[in-house]
Each structure stands twice: as C-alpha cells, then as structure tokens.
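Protein chains in written order, with my numbering: chain A, 7 to 232; chain B, 1062 to 1264.
Keep in mind that a hint or two might mislead.
What the hints assert, rightly or not - To spell it out: a stretch of chain A is covered by chain B in this simulated footprint if at least three of its residues, at any positions, have a beta carbon under 8 angstroms from a beta carbon of chain B; those stretches are: (1) 88-101; (2) 156-169.
As the list claims (entries may be wrong) - Straight line, CA to CA, 35 angstroms or less: simulated DSBU-like cross-link-like pairs of lysine-lysine: (3) B:K1113 with A:K118; (4) B:K1177 with B:K1064; (5) A:K204 with B:K1078; (6) B:K1258 with A:K87; (7) B:K1259 with A:K87; (8) B:K1241 with A:K9; (9) A:K118 with B:K1071; (10) B:K1068 with A:K9; (11) B:K1113 with A:K18; (12) A:K9 with B:K1177; (13) B:K1241 with A:K87; (14) B:K1068 with A:K198; (15) B:K1113 with A:K95; (16) A:K204 with B:K1258; (17) A:K18 with B:K1177; (18) B:K1249 with A:K118; (19) B:K1078 with B:K1113.
To be clear, the hints were calculated from the coordinates, so they are not data collected in a lab.
Just so it is clear, CB atoms sit at the ideal spot from N, CA and C, and this is done for glycine as well.
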Amino acid sequence: MAKFERLSTGIKGLDEMVDGGFPFPSVSLVAGGAGTGKTTFGLKFLTQGARQEEQGLFFTTLSEPTQWMLRYTNQFDFVDKDFFGNEIKYQDIGLLVQNEGYEELLDFIDDKIAEVMPQRIVIDPITVVGPFFEQDYRSFLFELINLLKNWQAVSVLTGEVAPGEPYPQEVTYAVDSVILLSMLEEEGSRRKYLEVLKMRGTDHTTGKQPISITTEDGIVVLKSRF
Amino acid sequence: MDKKDLKLVKNIMKELKEVDNPGTVLLDTPTTQIMKTNFFLLKGLLDLEDKKGYFMTLDRPHQNMAYLLSNYKINQENIWYIDNVNHLSGNKKIYRNNVDAVENAFQIEKLTEILKEKQGKRNDFGNLENIDFVLIDNLAPMLNYNNIENIQEFLSSFEELIISHDNLIGCLVMDSNSNKNLDRIVRKHVKTVIDVKKLKEDI
Chain A
7 MAKFERLSTG IKGLDEMVDG GFPFPSVSLV AGGAGTGKTT FGLKFLTQGA
57 RQEEQGLFFT TLSEPTQWML RYTNQFDFVD KDFFGNEIKY QDIGLLVQNE
107 GYEELLDFID DKIAEVMPQR IVIDPITVVG PFFEQDYRSF LFELINLLKN
157 WQAVSVLTGE VAPGEPYPQE VTYAVDSVIL LSMLEEEGSR RKYLEVLKMR
207 GTDHTTGKQP ISITTEDGIV VLKSRF
Chain B
1062 MDKKDLKLVK NIMKELKEVD NPGTVLLDTP TTQIMKTNFF LLKGLLDLED
1112 KKGYFMTLDR PHQNMAYLLS NYKINQENIW YIDNVNHLSG NKKIYRNNVD
1162 AVENAFQIEK LTEILKEKQG KRNDFGNLEN IDFVLIDNLA PMLNYNNIEN
1212 IQEFLSSFEE LIISHDNLIG CLVMDSNSNK NLDRIVRKHV KTVIDVKKLK
1262 EDI
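Working from the sequences, and respecting the hints, build out all of it.
Below, the structure written as structure tokens:
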C-alpha cells in the first residue's frame, strides 16, 4: 500500500494524537459550540500550511468583510498578516449562500478552488448553510464533500453544535474525520476539550483531551506541555 | 498562476527537452503538489510548446484537470483524457467529448493495451504516431487496487510502447517518498528523473 501523506494540523499536541496529521487528501469536520475555538482551529491549520509553502483558501459563510476577519486574526501572535492575500486567500461566500441556489454555490466554490489550487481549504462554518437550502442541504453536503475530495487538498469544515446535539449529524456521516471541541462547566469554571471522534485510516487517541486557547499559539492540547 | 509558477513551467519544459526522445521520464514531486505538477506540465506541453498528447488519470478524475485547464483558458483540442478512476469518484459532471472513460483501476497491466488501440487506428484525435506525449497521473494510489507485480508489468509495457514510437515522451508524475518499492521499480523504467521540488527551490 502507498502510505498516507499527512498534513500537520498546526495544533500543538494534536498531530501526535492522529498519526502525524490529517490524511492528504481528506475532508474533516471540526465541530463545537460557540467559543470553543472552531475558527481559531481553521486559522491555525491554514497558517501552519502557509509556513510550509502550502497554499490555503479560507471560505467564510458569514458575509464577513476581509478587514473584519483581519482585525480578529491580528489578535493572534501565530498569524502573520502578510499571509492573507498570498499564502492564504480569503473568500466571503455569505451572499451566495443567502441569494443563490446550492448548485450555483458549488460552481463558485469549484471555480475558486481551480483558481487558487490550494492544498488546504477551510469552510467556516458550514452549518450556516443548512437553513438556506433546507431540503437540498443533504444533497449540497454530499456534492460539496465529493467535490472537495476530488481536489488534491485537505479540507476542514467547521460546524456549530446546537445545544443538546452531540455533533452536526448531516455533515458527520460524509466526512473522513470528526474533531469535537467542547466546553464543560467543572467546579465553577468552564474548561475546554478536544476529542477525535473519528479519523479514517488513522490509529487515533480517543477521549476528551483538555485544551487551552491562547493568543500566542491558538489551540494547544495541554498534554503536549508535559 | 504567478511569475514563479510560470518560471517553473518553463524550467520543467527545458528539462524535458533534454530527454532523448523517445523516452520515459519521472517527475518526482511531493504528494501535495502532484495535481499542480500535472497542471504545470500540461500548461507547458499544450500551451507553450503546442504539443499533443494523452493524459491518463489514475488518482483524480479527469474533470478536475479539464476544469483547471479551462479556468486558465488553456486550449484542450490537443489533449485526450483516458480516465481510469471516474467510476470510483462519484463525480456526476458530464463527460467532455475528448475522454475515454475506462474501468481499469483494478487491472493496471491492461492500460497499455488501451494506448496500443490508439496506434495505427483512425480516430478523431490521432493515433500514437502523431502524438507527442503520454502523461500518467500519480501511480501510487494504484497500489490500493493492484499488486506491485501488475504495476511492474504495466511499466515494462508502457516503456516498450513509448520507445517504439519516434519523438514520443512518456511522463510519470509521482512522489518518490510515497512508496520506496514502487519508486525503485519506476526508476528502472525511466531514462531521466526530474526533481520538481528542487527546480522550484532553485527559482
């Protein structure tokens, strides 16, 4: 067998949990509630690639202007803002999500990937799309994930987890990997965790691992510090 | 595609011109860059050098490359796709009219037969006597469906076919680190190895 090429996640301590990184090519879901670090995960993943001369492409579904995104990312020491527009291309697809059909959106994503030829893709967050496409959401997800798999890239989709829901099930069934980010109240404080729920073809660590989110490193699996 | 990419395309073309035709050549490139290297090769061969050839897809379905080429406005009159993996890809897009969709992923040793059918035979695209290149996509994923002996058999017959036609060049694109045994076998069947990563670093 040909061995899996793997791309480093960029998250300190996570590569060691997943045999060295995300399989190349593959599509992963990083899911969690508000404030658990999904966008930070995506940014860390892309900046890690940028440092290795891998092209990144960041799609936001939130209709967020680039300057707003830059303002937010500038808080992180690990982000070199010169990456934006160069090693990391930023693309707002929020208006397309709101105004177009899912086939037009897929064509746009396909075109953009062909133009940029990225090795790393982030779509943040994918779950925003659901309410706009309603009954077509599953078809959209199936075709999107197929499209992403057929390009030579590692794609990370982030997904919002609704209260009481373990993970966004419509997305989970189709992706190669699922990483859950969670926040639990323990002894009067909120602690954050990362769990690799599945990663195909990978002998991965199971169970919730405590993490911290810092401006210096982004997400860090705390075990890696000891 | 920026200036550095274009320079890399030109440097790859320069290296290819130094290969004695007919002959086979391995373009050694990191796995993450295989699609780009295939694209750069086709940009150079079709667009800059006005060559004509076959592209055999083994890893990604042909639609991705066809899409890339059309996105960069590269004329596809002089390329014919032999797609071995479309049936495994779940890809619904409509075929172009310059594609043979074959289902040989599990029988790689038969791939050369498909090329042989092109020789001496009248077809819309042209037989092997009028073709300048055959580009073979990443061989490593074929290890998922075939044993190494079948791949070796394919490589022997492919090399034989290429060198039996004047001016034909056979290009294999692969990451030498993906499987050392496969790399060793491939190197036995090529005249030249072009280190694409090194060419890129030298720019």
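To see whether the hints hold, each was checked on the structure:
Three residues within the 8 angstroms Cβ limit are the bar, and the segment 88-101 of chain A against chain B gives 0, so the coverage statement is violated. Coverage of the segment 156-169 of chain A by chain B holds. Counting CB-CB distances below 8 angstroms, 3 residues qualify, and the rule asks for three or more. As the CA atoms of K1113 of chain B and K118 of chain A are separated by approximately 28 angstroms, the hinted pair is consistent with the 35 angstroms bound. Distance check on the hinted pair: K1177 of chain B and K1064 of chain B sit about 38 angstroms apart at the alpha-carbon level, beyond 35 angstroms; violated.
About 48 angstroms separates the Cα atoms of K204 of chain A and K1078 of chain B, which puts this hinted pair outside 35 angstroms; it is violated. Taking the CA atoms of K1258 of chain B and K87 of chain A, the gap is near 26 angstroms; set against the 35 angstroms cutoff, the hint holds. About 28 angstroms separates the Cα atoms of K1259 of chain B and K87 of chain A, which keeps this hinted pair within 35 angstroms; it holds. As the CA atoms of K1241 of chain B and K9 of chain A are separated by approximately 10 angstroms, the hinted pair is consistent with the 35 angstroms bound.
Straight-line distance between C-alpha atoms of K118 of chain A and K1071 of chain B comes to about 25 angstroms, which keeps the hinted pair within the 35 angstroms bound. Straight-line distance between C-alpha atoms of K1068 of chain B and K9 of chain A comes to about 31 angstroms, which keeps the hinted pair within the 35 angstroms bound. With a C-alpha separation of about 48 angstroms, the suggested pairing of K1113 of chain B with K18 of chain A is violated against the 35 angstroms cut-off. About 32 angstroms separates the Cα atoms of K9 of chain A and K1177 of chain B, which keeps this hinted pair within 35 angstroms; it holds.
For the suggested pair K1241 of chain B and K87 of chain A, the alpha carbons sit about 39 angstroms apart, so the restraint of at most 35 angstroms is broken. With a C-alpha separation of about 47 angstroms, the suggested pair K1068 of chain B and K198 of chain A falls outside the 35 angstroms cut-off, and the hint is violated. Taking the CA atoms of K1113 of chain B and K95 of chain A, the gap is near 34 angstroms; set against the 35 angstroms cutoff, the hint holds. For the hint linking K204 of chain A to K1258 of chain B, the alpha-carbon distance of about 33 angstroms falls within 35 angstroms, and the restraint holds.
As the CA atoms of K18 of chain A and K1177 of chain B are separated by approximately 52 angstroms, the hinted pair breaks the 35 angstroms bound. Straight-line distance between C-alpha atoms of K1249 of chain B and K118 of chain A comes to about 39 angstroms, which puts the hinted pair past the 35 angstroms bound. Distance check on the hinted pair: K1078 of chain B and K1113 of chain B sit about 15 angstroms apart at the alpha-carbon level, within 35 angstroms; holds.
Violated hints for the displayed structure, listed by number in ascending order: 1, 4, 5, 11, 13, 14, 17 and 18.
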